[in-house]
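Using the sequences and the hints given, assemble the complete structure.
For the sequence shown, the numbering used here assigns the number 13 to the initial residue and increments by one for each residue that follows.
Be careful, since some hints might not be right.
[As the list claims (entries may be wrong)] Okay, the calculated beta carbon distance ranges per label pair:
1. Met124 x Thr41: 24 to 30 Å
2. Leu95 x Ile123: 20 to 26 Å
3. Thr86 x Leu129: 23 to 29 Å
4. Arg135 x Thr86: 31 to 37 Å
5. Phe127 x Met90: 22 to 28 Å
6. Ser42 x Glu78: 54 to 60 Å
7. Ala74 x Ser42: 48 to 54 Å
8. Tyr106 x Arg19: 39 to 45 Å
9. Thr41 x Arg138: 39 to 45 Å
10. Lys136 x Leu109: 36 to 42 Å
Rather than coming from a laboratory, the hints here were simulated on the basis of the structure. Virtual Cβ for every residue (Gly too), placed ideally from N, Cα, C.
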Amino acid sequence: MPEIQERFSRQRKYMLFLLSFFVLGWGFTSYQSIFLGLILGTVLSFFNLWLIVRKMIQFREAVEKEQKVRSLGTMSRMASAALAVIIALEYPEYFHLISVVLGLMTSYLVIMIDFFLQSFHLRKKREER
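Structure (structure tokens):
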């Protein structure tokens, strides 16, 4: 499995774990608007992560075939973030705006945490040799 798909598989697990945690928080606490905002932001952040991985694979294939390279979907990701904010502003009684924005940043936090964990494991393997 190519490295990007392997990383996405790990990051998908982390994102689904966080989403399940947010759903439990929404179901069992009195902070429902905060957790619903986190859920909305994280779902769209997860979509953005999937979108960038898909675009990166297409980018790699285009470079290998020496074709013109298309964009990496920046406008699509910004549009989904704008959609999340519009939903939160339209329904403030259900979605906490700051939580939506924090949820939108979730995939970037997951990417950084995954990078540091993999770097730590790689360094540990080198030290064992």
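Verification of the hints:
{"no.": "1", "hint": "Met124 x Thr41: 24 to 30 Å", "verdict": "27 Å, holds"}
{"no.": "2", "hint": "Leu95 x Ile123: 20 to 26 Å", "verdict": "21 Å, holds"}
{"no.": "3", "hint": "Thr86 x Leu129: 23 to 29 Å", "verdict": "27 Å, holds"}
{"no.": "4", "hint": "Arg135 x Thr86: 31 to 37 Å", "verdict": "33 Å, holds"}
{"no.": "5", "hint": "Phe127 x Met90: 22 to 28 Å", "verdict": "23 Å, holds"}
{"no.": "6", "hint": "Ser42 x Glu78: 54 to 60 Å", "verdict": "58 Å, holds"}
{"no.": "7", "hint": "Ala74 x Ser42: 48 to 54 Å", "verdict": "50 Å, holds"}
{"no.": "8", "hint": "Tyr106 x Arg19: 39 to 45 Å", "verdict": "33 Å, violated"}
{"no.": "9", "hint": "Thr41 x Arg138: 39 to 45 Å", "verdict": "43 Å, holds"}
{"no.": "10", "hint": "Lys136 x Leu109: 36 to 42 Å", "verdict": "41 Å, holds"}
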